[in-house]
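Take these sequences, add in the hints, and give me the full structure.
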Amino acid sequence: MKVGVCLKQVPATDSRIQVKDPAAGVDTSDVKWEINPYDEFALEEALKLKDDKKASEVVIFTFGDKAAEAKIRDGLARGADRAVRIDDPALQGSDALGIARALAAAAKKEGVDILFCGKQAVDDDQAQVPAMVAELLGWPQVLAVDHIDYGDGSLRARRPAGGGATEVVEAPLPVVISCDKGLNEPRYASLRGIMMAKKKKIAVLGVGDLGLDPSQVGAAAAMVAESNWSEPPPRPPGRILEGDTPQVVAELVRLLREEAKVI
Amino acid sequence: MFAPSEDQQALIDAARAAAEAILGPTVREDDEAERFRRDAFRRLGEAGLCGIPTAEAWGGLGLGYLEYAMVLEEVAAVSAAYGVALAVSGLPQVILARYGTDAQRERWIPGLAAGELLGGFALSESGSGSDAASLKTTARRVGDEWVLNGSKFWITHAGVGDVFIVMARTGGPGARGISAFIVPADAPGVSFPKREEKMGMRASPTGEVLLEDARIPADHLVGKEGEGFRIAMSALDSGRITIGAISVGLARAAWEYASRYACEREQFGRPIIRFQGVGFMLADMAMRVEAARLLVHKAAWLRDEGRPYTHVAAMAKCTATDTAMAVTTDAVQVLGGNGYIREYPVERYMRDAKVMQIVEGTNQVQRLVIARHLERTFGPR
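Chain order of the listed sequences is A and B. Note that our numbering has the first sequence beginning at 969, numbered continuously upward. Note that our numbering has the second sequence beginning at 24, numbered continuously upward.
Do not rely on the hints blindly, as some may be mistaken.
Unchecked claim - Straight-line C-alpha distance at most 20 angstroms; calculated DMTMM-like pairs for lysine to aspartate or glutamate: (1) K1168/A - D30/B; (2) K970/A - D1120/A; (3) K988/A - E1199/A; (4) K1169/A - E29/B; (5) K1168/A - E29/B; (6) K1018/A - E69/B; (7) K1169/A - E1037/A; (8) K377/B - E219/B; (9) K1169/A - D30/B; (10) K1166/A - E69/B; (11) K1168/A - E79/B; (12) K1167/A - E79/B; (13) K1168/A - E1025/A; (14) K1166/A - D36/B; (15) K217/B - E57/B; (16) K1166/A - E57/B; (17) K1149/A - E1025/A; (18) K1166/A - D30/B; (19) K1021/A - D1120/A; (20) K1000/A - E1037/A; (21) K1000/A - D36/B; (22) K1000/A - D30/B; (23) K1167/A - D30/B; (24) K1016/A - E69/B.
As the list claims (entries may be wrong) - Take a look, some chain A residues computed to stay more than 12 angstroms from chain B by CB distance: (25) Q1094; (26) S1158; (27) L1159; (28) G1161; (29) S1198; (30) R1203.
The hints are simulated quantities; they were obtained by calculation from the structure and are not laboratory data. In this text the structure is predicted, and so the values were computed from the model without any measurement. Every residue, glycine too, gets a C-beta built ideally from N, C-alpha and C.
Now the structure itself:
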C-alpha cells in the first residue's frame, strides 16, 4: 500500500505575525517556519502504517516553492521515503481550489491508497483543500479524524460530531483522511534521520507533468482574490471581578452566559 | 560561519526536540535525586546523539566538531549533565578512531556511538590533577595480560559506565612513561568504591575507579607504549571544545530564562528589564554568550579544517566556561528571590556551571596553554 501525505509549511505558532503592507500580506521576513501541526498528525499516521508494515512507501506532497524544501526534508528525516514538490509559474496565485487540483493530480499520478492531510493549515485556517482533493478525485473523505482502525481495503475513522458525540465512518480505499489533534503523537526527526534524508529524492513537478489544464489553475482561475490585509484589533484587556466569592461567582456565571454566551 | 546552514539548523532543531522530550520532563527530579538514567542515554543514542563526530561506518553520523558543538549546546541547554555524558562517552570513540586498532574500533565504537555502551576517560588521580604527567597508577605486562594498580579520581560515569580509557604508567617518570588502556568496567580487579556527592551536575555520576591487580588482555593497550600522555592531551584538546559548547548551552539557557523573566516581572509598575540595572545586565549576558559561542565554533572549525587548534580550544573552553559562571550567576540575580529557589532552574544552571571552569583542564591550565602558545609565537627562537 502506498500512502501520501499533504504537507504545508506555515509560520511557527509562536511567530510574531505582522502586516507591514496591506497589499502584500503577512511580512514573512522574520518568520520561522514549521510543518503545519495538523499535517504532523497526518505524517505520523502514515509513518505508523509503515512501521507496522501496512504501508510500503510514504510520499510527501507539497505545493510550494524551493523554500518549502526545508520542511519537506524534516518530513523525510522523520521517515517518509520521498517527496513531490509541486511548483510551476503557471500555478502562481492559485486559490484553494487551484492548489487542490494540483495535489489531486499528484496523488492520482502516484496512485496512493490513502491520502492523509491535516484538518486545516494553521496559517489561513481555511480547511478547504482536503475536501476539495477528495471531491476532485471522486474518493470518499473523512475529515477531522481522531482515531482510525485499518481493515483490508477499507478503514473505519472516528471523528468528533459535536456536543461530545462521535461519528464512525467506514470507507473503502482509496480515501482522503484529514487528521485532527489526538490521532497520534507525532515523532520528531532523529539526527540519523536528518543525515539519511539528504539522500532522499524530492521530485519537482509542474503543470505539464501533472496533466493540469493551465486555465483551471493559477491566478486567472482563482475564484478568491485577496484585496487587503490588516492586523486583528488588539485584544481588549481582561476584566477582574471583585467582592465576596459567592457574589463574584454568580456575576461570573451571569457574564459567561449573557455576555460571552459560552454556557 | 556566522549562522547555521539549513542542514545544521535541522540538526539543532532535532537535538533540541530530542533533549526536551527525553530529558526535559525529569531534569529537575534527576538533579535532586542525583540520578543518571541509562535508558535516557540510550534514547539519546536512538536519536543519533551519541556518535556525532564518529564515522558513519562505525555507526556515527560522520559530522564535524562544529555540528557536534551546535548539538551539545542544545542538549546542555536542557541538561548539562547529559551534555557531559555525550561528550565523555564520545572521548573513547575519538581516541579509538584515531589511535585504536581495527579490532578495538570494531569492538567498542559502534556500541558507544549507538548509546548502548557508556564510556569514560580516566586520567586524574587524587594526587595528580593539573599535573597529569605525575600520575601513579601502574600497568605491568604479565604474560598475555596487563595488570593495573592505582586509583582514579573524579571520573565521570564511574559505577555506571561500561568502558574507560585509563592512563597508567608503564615506563619511567614523566609524560613519556604513560600508556593508554581500554578497561572494561567488568574486568577483574576493577571496582567503583565511591560515588561523589557534588555541588552541581548531580545527574552526572562522578566517582573513583579503583584498580587492584585489574587484569585486561594485552591487546587492550591503545596506541604504543609511552604514547598515553599524547593520546590524553589530544583527547583533552577535543574535549575542551565540547565543554565549551556545553557551557554555551548552559549560559544561553540561563540568559534566555532571565530575559523572559525580566520582561514579565513587574516592579514599580513596569517590567524590570526597563530598569537599566537589570536591562544592562541582560545585555552584557547576551554579548558574552554570543562571543563565547563564536569562539567555540572557531575552535571546532579549526579542528574540522585540520588546522592547529590547541590554543584556540583552550581560549574557547576558558571563555565559554567563565561566561557560563558569570551569566548563570547574574541570571540568579535577575530572578532575585526566585532565582535562589529550586523551583526555578537558574540556581541549577549556576551550580552546574561551576565545574565547567574545573574539568577538562582548569581555567588556570587553559591560560597556561595559551601563554605557552604566546611565548612560542612571540618569544626568541
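Taking 20 angstroms as the top limit, are the C-alpha atoms of K1166/A and E69/B close enough?
19 angstroms, holds
Given the hinted pair K1168/A and E1025/A, is their alpha-carbon gap at most 20 angstroms?
Status holds; Cα separation ~13 angstroms.
Closest CB of chain B to the CB of G1161/A still more than 12 angstroms away:
Not fine: 7 angstroms to the nearest Cβ puts G1161/A too close to chain B.
Pair hint outcome, K1149/A versus E1025/A [Cα-Cα no greater than 20 angstroms]:
24 angstroms, violated
Can you confirm whether the C-alpha distance between K1166/A and E57/B stays at or below 20 angstroms?
39 angstroms, violated
Does the structure keep K1018/A and E69/B at a Cα separation of 20 angstroms or less?
With Cα atoms ~18 angstroms apart, K1018/A and E69/B stay inside 20 angstroms; holds.
Regarding the assertion that L1159/A does not contact chain B, is the least Cβ-Cβ distance greater than 12 angstroms?
3 angstroms, violated
Run the distance test for K1021/A versus D1120/A: straight-line Cα separation, threshold 20 angstroms.
13 angstroms, holds
With a cut-off of 20 angstroms on the C-alpha distance, tell me whether K1000/A and D30/B pass.
The given pair, whose Cα atoms are some 15 angstroms apart, holds under the 20 angstroms limit.
Are the Cα positions of K1166/A and D36/B separated by 20 angstroms at most?
The given pair, whose Cα atoms are some 16 angstroms apart, holds under the 20 angstroms limit.
20 angstroms limit on alpha-carbon distance, applied to hinted pair K1167/A and D30/B:
Roughly 12 angstroms separates the two Cα atoms, so the pair holds.
Beyond 12 angstroms from each Cβ of chain B, as asserted for S1158/A
The claim breaks: S1158/A does not keep its Cβ more than 12 angstroms from every Cβ of chain B (closest is about 5 angstroms).
When each numbered hint is compared with the structure, violations occur for hints 16, 17, 26, 27 and 28.
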